[in-house]
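Chains as they are written, first to last, in my numbering: chain A, 7 to 227; chain B, 8 to 196.
To be clear, the hints were calculated from the coordinates, so they are not data collected in a lab. We put the beta carbon where it would ideally sit given N, CA and C, even for glycine. Each hint should be verified, as a subset may be incorrect.
[What the hints assert, rightly or not] Chain B residues, not near chain A, derived (Cβ > 12 Å throughout): (1) Arg32; (2) Ser34; (3) Arg37; (4) Ala44; (5) Leu54; (6) Gln58; (7) Thr61; (8) Tyr76; (9) Asp133; (10) Asp145; (11) Ile149; (12) Leu163; (13) Arg180; (14) Leu189.
[Stated by the list, open to error] Now the in silico label distances, taken between C-beta atoms and shown as ranges: (15) Asp185(B) <-> Met38(A): 25 to 31 Å; (16) Val114(A) <-> Asp185(B): 22 to 28 Å; (17) Ser167(B) <-> Ala197(A): 40 to 46 Å.
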Amino acid sequence: MSRNLEVFYLPLLFLTVALFGGVRVARQVVLMPPPLFTLVLAFLLLGVLVRSGALAPERLMNPARPPLANVSGVVVLATFFAAAAQAFNVAIPESGLPRILFDVFLLVLLLNTLAASPDRLRVLRSLLVIFGSAFVLKYIVLAALSDPAGGWLKRVLQSVLEGLTLGTLTQTVYSPITGYVAFGVLTLFFAGLALLPSRSAVPDIGPGGQQDNLLPPRRPL
Amino acid sequence: MRAKHMLSRQSGQPGIIAATMRSLRESTARVLGLTIAVSYAVFVVWLYVQQPQTVAEMTGALTATVGAYQIDRQAFDDGLRFFRGDQFDAARLAFDRADPAHQDPRTQFYIAYSYYRQGWGRVYNDDVLFARALESVDRAIILADHGRVVVDDPDLQMRSGDELKAELQAGLRHDASDFNPLKLFRRRK
Numbered sequence: 007m008s009r010n011l012e013v014f015y016l017p018l019l020f021l022t023v024a025l026f027g028g029v030r031v032a033r034q035v036v037l038m039p040p041p042l043f044t045l046v047l048a049f050l051l052l053g054v055l056v057r058s059g060a061l062a063p064e065r066l067m068n069p070a071r072p073p074l075a076n077v078s079g080v081v082v083l084a085t086f087f088a089a090a091a092q093a094f095n096v097a098i099p100e101s102g103l104p105r106i107l108f109d110v111f112l113l114v115l116l117l118n119t120l121a122a123s124p125d126r127l128r129v130l131r132s133l134l135v136i137f138g139s140a141f142v143l144k145y146i147v148l149a150a151l152s153d154p155a156g157g158w159l160k161r162v163l164q165s166v167l168e169g170l171t172l173g174t175l176t177q178t179v180y181s182p183i184t185g186y187v188a189f190g191v192l193t194l195f196f197a198g199l200a201l202l203p204s205r206s207a208v209p210d211i212g213p214g215g216q217q218d219n220l221l222p223p224r225r226p227l
Numbered sequence: 008m009r010a011k012h013m014l015s016r017q018s019g020q021p022g023i024i025a026a027t028m029r030s031l032r033e034s035t036a037r038v039l040g041l042t043i044a045v046s047y048a049v050f051v052v053w054l055y056v057q058q059p060q061t062v063a064e065m066t067g068a069l070t071a072t073v074g075a076y077q078i079d080r081q082a083f084d085d086g087l088r089f090f091r092g093d094q095f096d097a098a099r100l101a102f103d104r105a106d107p108a109h110q111d112p113r114t115q116f117y118i119a120y121s122y123y124r125q126g127w128g129r130v131y132n133d134d135v136l137f138a139r140a141l142e143s144v145d146r147a148i149i150l151a152d153h154g155r156v157v158v159d160d161p162d163l164q165m166r167s168g169d170e171l172k173a174e175l176q177a178g179l180r181h182d183a184s185d186f187n188p189l190k191l192f193r194r195r196k
């Protein structure tokens, strides 16, 4: 991993995710802080990424690095944690039955992934599917159900869910721009995930063609 | 010249200087990156605490944080003139222009007072206007030093945020005393 990536790009990228992850535009702009449960999910996600090798914390912090470099590593991890909490905040509905279902579903899914300990690529693919599905459910399906004006999707869903009260499913109606912001936030978050120093990455080559001596010896997978 | 360079290379001095320069550049970059990241993080937390609704509110809150916020004096005087002439809507427009970031406790106090006077009724009060007055006076109390808002204006019967807030809360309360016929003889403050 290059120094600039660690020192500038990753922290700024993750902080941008943390900033815009709470943006909800209705009649006024609200910045929603992450609920407590998203912190638990973010912590689990951190565990999943470390277990799979998608994140190698020893490349960010180790005794061989200078203290300042270790502080930079801590900043990357801290900003990643904040961004992960806000990414879950983006993906999880804010109230009612959907929120409980999403919370339980994501918790079980992350625990399952942690137990299965797949490799980096599989974890990233799996996370893409999880966050992508959550985005579609929250910003397209639930938003259509909650829309007081109603559209063709609401009518279809109402006929499919005939007999089920929608009172527990409906959410606060936000401006469509909220969905676009959420999409941008999740895209940025995944870009950050892909850029994290992984255990399987090719060793860094310095400008003089030498291997980065700040890294500890690679461990077999 | 060439021989001298060769000599110094042999003694290893350019190598040490280059390594020192590289180390310095590395440290500078890391310190710069840390400073930027910490500043950005503080800004994000500050935004989530302040919850600004407009760019004016955001810049106003930022300048207020460093003690550089100033209201538009002319607009404030206009607002005061409208307020004293019982033109409350016009007064609030002028006060909003004077304090677009909602950071001045005195202006917010007058906005609350204008809602109070407009919403006050001999038979019943306008709950919506009273609720807005309560929001404004709460904002004024939060902004003031130690929460103490005192406005030295002889035209006002309530000169502190606490008095105004208590009056508004009493006005919003609905109980048996609402049916007391003597309430018809009360006076607007």
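Just checking, leucine 163(B) versus chain A, shortest CB gap more than 12 Å?
Given that every Cβ of chain A is farther than 12 Å from that of leucine 163(B), nearest at about 31 Å, it holds.
If we take the beta carbon of aspartate 133(B), is the closest beta carbon in chain A still more than 12 Å away?
holds (21 Å)
Chain A versus arginine 180(B) - minimum CB to CB distance exceeding 12 Å, so not interface
The claim holds: arginine 180(B) sits with its nearest Cβ about 28 Å from chain A, beyond 12 Å.
Would you check whether the claim that threonine 61(B) is not at the interface survives, using Cβ distances to chain A and the 12 Å cut-off?
violated (9 Å)
Report holds if the minimum CB distance from arginine 37(B) to chain A is greater than 12 Å, and violated otherwise.
violated (5 Å)
Does the Cβ-Cβ separation between serine 167(B) and alanine 197(A) fall within 40 to 46 Å?
violated (54 Å)
Aspartate 145(B) and chain A, when compared Cβ to Cβ, separated by more than 12 Å
holds (17 Å)
Confirm or reject the statement that serine 34(B) sits farther than 12 Å, beta carbon to beta carbon, from all of chain A.
violated (6 Å)
Beyond 12 Å from chain A, beta-carbon-wise, is tyrosine 76(B)?
Check passes; 21 Å lies beyond 12 Å.
In terms of Cβ atoms, is chain A entirely out of 12 Å range of alanine 44(B)?
Since the minimum Cβ distance to chain A is about 4 Å, alanine 44(B) lies within 12 Å and the statement is violated.
Once the closest CB in chain A is found, is it more than 12 Å from leucine 189(B)?
holds (41 Å)
Grab the minimum beta-carbon distance between glutamine 58(B) and chain A and tell me whether it stays above 12 Å.
violated (6 Å)
Consistency note: the structure conflicts with the earlier hints numbered 1, 2, 3, 4, 5, 6, 7, 15, 16 and 17.
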